[in-house]
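Trainee: Chain residues, written in single-letter form:
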Amino acid sequence: MSTLLAAAGSLEPAVRSFLSPTGQEIVFLLVGIAVLGAAVVSVTTKQLVHAALWLVVTLGGLAVEFLLLTAEFIAWVQVLIYLGSVVVLVLFGLMLTRAPIGRSPDADSGNRWVALAVALAAAGTLVTLVVDAFRTSWIDLSPGAGSTEATGTYLFRYWVLPFEALSVLLLAALVGAIVLSRNGKGRIPRPRPGKLRTPVRSVTAASKER
Amino acid sequence: MHLAYPAVLAALLFCVGVYGVLARRNVVLVLMSVELMLNAVNLNLVAFDAWLRDALHAGQALTLFTITVAAAEIGLGLAIVLLVFRTRGTADVDRITALGDPAEAADETATEEAQAAA
Chain A
1 MSTLLAAAGS LEPAVRSFLS PTGQEIVFLL VGIAVLGAAV VSVTTKQLVH AALWLVVTLG
61 GLAVEFLLLT AEFIAWVQVL IYLGSVVVLV LFGLMLTRAP IGRSPDADSG NRWVALAVAL
121 AAAGTLVTLV VDAFRTSWID LSPGAGSTEA TGTYLFRYWV LPFEALSVLL LAALVGAIVL
181 SRNGKGRIPR PRPGKLRTPV RSVTAASKER
Chain B
1 MHLAYPAVLA ALLFCVGVYG VLARRNVVLV LMSVELMLNA VNLNLVAFDA WLRDALHAGQ
61 ALTLFTITVA AAEIGLGLAI VLLVFRTRGT ADVDRITALG DPAEAADETA TEEAQAAA
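Same order as they appear, the protein sequences are chains A and B.
Be aware that the first sequence starts at 1, since it is given in UniProt numbering, and climbs by one per residue.
Be aware that the second sequence starts at 1, since it is given in UniProt numbering, and climbs by one per residue.
Just so you know, the hints here were simulated from the structure itself, not pulled from any lab data.
In this text, a Cβ means the ideal position worked out from N, Cα and C, and glycines have one as well.
Some clues are possibly wrong.
To be verified - Here are the simulated distance ranges between beta carbons: (1) A:V27 with B:V69: 27 to 33 Å; (2) B:L83 with A:D132: 41 to 47 Å; (3) B:A58 with A:I33: 26 to 32 Å; (4) B:R86 with A:A122: 34 to 40 Å; (5) B:I80 with A:K46: 41 to 47 Å; (6) B:T90 with A:L174: 39 to 45 Å; (7) A:A133 with B:I80: 34 to 40 Å; (8) B:V69 with A:A133: 24 to 30 Å; (9) A:L174 with B:R88: 49 to 55 Å.
As the list claims (entries may be wrong) - Derived pair list, reagent style EDC-like, types lysine to aspartate or glutamate, alpha-carbon separation capped at 20 Å: (10) A:K46 with B:D94; (11) A:K46 with A:D108; (12) A:K46 with B:D92; (13) A:K46 with A:D132.
Please model the entire structure based on the sequences and the hints provided.
Mentor: Spelled out as structure tokens, the structure:
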């Protein structure tokens, strides 16, 4: 454990104080407050479409946090996949389930206070634990650790097999989503050769229209 | 940068997601809260990758995989939600109780029938 800690960045609690933050930390803190506020609004607002739009703010702010942690490629993947596709999917899901546009008073279920108690208890426990454990840990941020070149190197040199397995998983999810959302009743009977089901007149009319 | 900042932010974001999953009634909003929780885990993975300076970059690779799995999850989840909405006419978690306790379900159908009769 001590060798792991020694290898993992320097431990200099005397030099790095929380009272003299660096510029990166200040930016991280400000963006983090914005992210947290947007997330809270997103899970508490009564307007369902607004919740999805506040989710955009949260995920975009998290992309900025990834940039501050020198994970550039992941930041842009976050923007592409989360802001580009997941939020659009969520908005389509809200529309297709006929979510009300205005305020919906029954957006929260009856066990809201139990949920609030559970969330506050979990937050208190986790924050106490994390602060106590990592109070003195310091990240030496050096640019280039998450660039596209480095990402391609580690992804296709060390993680090729999981990568390919994941592509198979995506294909399975695609097929599953298509099978689930296919409407089974609206199957069009295919006319067999020799037995024309539609009247001849309409077929000739259709061919004339073309 | 202190490791405590991203770790605390990730913990708080995860708890906001927990609140959303437990308190929301619409299925799509529950899925959104699940996305929040997954993103908190992503932030943790990226921060610890930058801290540990792993030669394999396991944290960032796992983050990319998590993002992909989350995209697949929300696609499949929304397909299931739409199917449930088409067959049951509701996207309300509290009212989809077909797999729940039979006694409670019987009670609920009784109250629904009473409401319909009234």
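Trainee: Confirm or reject each hint.
Mentor: Results of checking the hints against the structure:
Distance hint check for A:V27 and B:V69: the Cβ-Cβ separation is about 30 Å, which falls inside the suggested range of 27 to 33 Å. Between B:L83 and A:D132 the Cβ separation comes to about 46 Å, which falls inside the hinted range of 41 to 47 Å. At roughly 30 Å, the beta-carbon separation of B:A58 and A:I33 lies within the given 26 to 32 Å, and the hint holds. Remark: the range hint 34 to 40 Å for B:R86 to A:A122 is upheld by a beta-carbon distance near 35 Å.
A hinted range of 41 to 47 Å is violated for the C-beta pair B:I80 and A:K46, which are about 25 Å apart. Restraint check, B:T90 to A:L174: a C-beta distance of roughly 27 Å breaks the suggested window 39 to 45 Å. Remark: the range hint 34 to 40 Å for A:A133 to B:I80 is upheld by a beta-carbon distance near 38 Å. Checked against the hint of 24 to 30 Å, the C-beta distance between B:V69 and A:A133 comes to roughly 27 Å, which is consistent with it.
Against the hinted window of 49 to 55 Å, the Cβ-Cβ separation of A:L174 and B:R88 comes to about 25 Å, which falls outside the hint. Proximity of A:K46 to B:D94 is assessed by CA-CA distance (about 17 Å); at most 20 Å being required, the pair is judged to hold. With a C-alpha separation of about 8 Å, the suggested pairing of A:K46 with A:D108 holds against the 20 Å cut-off. For the proposed pair A:K46 and B:D92, the alpha carbon gap of about 15 Å is at most 20 Å, so the pair holds.
Between A:K46 and A:D132, the direct Cα distance comes to roughly 36 Å. Violation of the 20 Å bound is thereby established for this hinted pair.
This entry does not satisfy hints 5, 6, 9 and 13, going by the numbered hints stated previously.
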